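With chain B fixed as given, assemble chain C onto it according to the hints.
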Amino acid sequence: MAISVVIMIRSRNLFAVIVLSGIYSFLMATVLVAMDAVDVAMTEAAVGAGISTVLLLGALHLCRSDEAKPAHRPWLPLAVSVSTGALLIYGAFGLPDFNNPLSPIHQHVAPRYMANEVDVPNVVTAVLASFRGYDTLGETTVVFTAGAGIIALLRRRKKPGRDGETEK
Amino acid sequence: MSRDLILRVIGKLLIPFILLFAVYVQFHGDFGPGGGFQAGVILAAAIVFYALIFGLENARQVVPDWLVETMLACGVLIYAGVGLAGIFLGGNYLDYFVLDHDAIHGQHRGIFWVEVGVAVTVSGVMLKIFYMFASRGNLNGPEDY
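As they're listed, the protein sequences go chains B and C. Going by the numbering used here, the letters in the first sequence line up with residues 1 to 168, in that order. Going by the numbering used here, the letters in the second sequence line up with residues 1 to 145, in that order.
Same shape as in the complex, but just chain B (with noise of 0.2 Å):
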């Protein structure tokens, strides 16, 4: 994962950068699956080395495949993503160790979860779909609002001086 990283940031070549990030989400799914993250694995694998990379092609295609010359150099927002990510892995130092049974999420609303009083035997969906339901219809909601801005942006509509040229 670091060489695909470290490679993504020297290229200039897009076509390379988006081949090598759905490598990357590939990657990313394995660690998940190795972390017993199945259900976030396989969202993984499908959006992010999926759909994403197709959705990055035909963007690519709309555009020149070559990156342009950054037109200053990027000292500062270099120091602010060191910055923060140092930020980041000093508090990660603070969280518990992982499988820790002890650790405060699994004191708190965690063990009425596992008790499974809904009978499914797989936790995710129960605490997806049941549980956070509304949580779960906020989402689906967020996913319909993209689509219907993507369809108010990027729709044209059929000019009357030209027929037949577009379908829509």
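I should point out that these hints are in silico values taken from the structure, not numbers from a laboratory. One or more of the hints may lead you astray.
Unchecked claim - Facing chain C, according to a computed beta carbon distance under 7 Å, are these residues of chain B, among others:
{"hint": "1", "residue": "Thr141"}
{"hint": "2", "residue": "Val142"}
{"hint": "3", "residue": "Gly147"}
Computed from a predicted model, the values in this text were never measured in an experiment. We put the CB at the ideal spot given by N, CA and C, even for glycine.
Same frame as chain B, but now just chain C:
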């Protein structure tokens, strides 16, 4: 790309199985990994795959635009309708326990329909975005997909 024999044959072989896998992920989401979102994305990916190999126009004939746009809105309406059904049957909004005489069955029924709603909206949105980008590309550049 659409002239490539290997791609066409492999695509014809694989696409039914991708669709089947999407349906499996949808309906088996209660028991194994998966659910509405993943199923919707896989469904959309199968059709995107078809569009890449056999051309956008053929894909538009299989899944026309009006269907995609209807799916977009219907998913959210299905989800919200499950919530309203809870109210009409005497519970709270998105309360699944009242959807059946047996509370556990009611939960299962509620989760099932909610996941259907999510899958329909997600696949509709993904396909719509893909159609939008791809149709722009066809108009401006050479027709290579």
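Against the structure, the hints come out as follows:
no. : hint   : result
1   : Thr141 : holds, 6 Å
2   : Val142 : violated, 10 Å
3   : Gly147 : holds, 4 Å
Violated hint: 2 only; the structure is consistent with all others.
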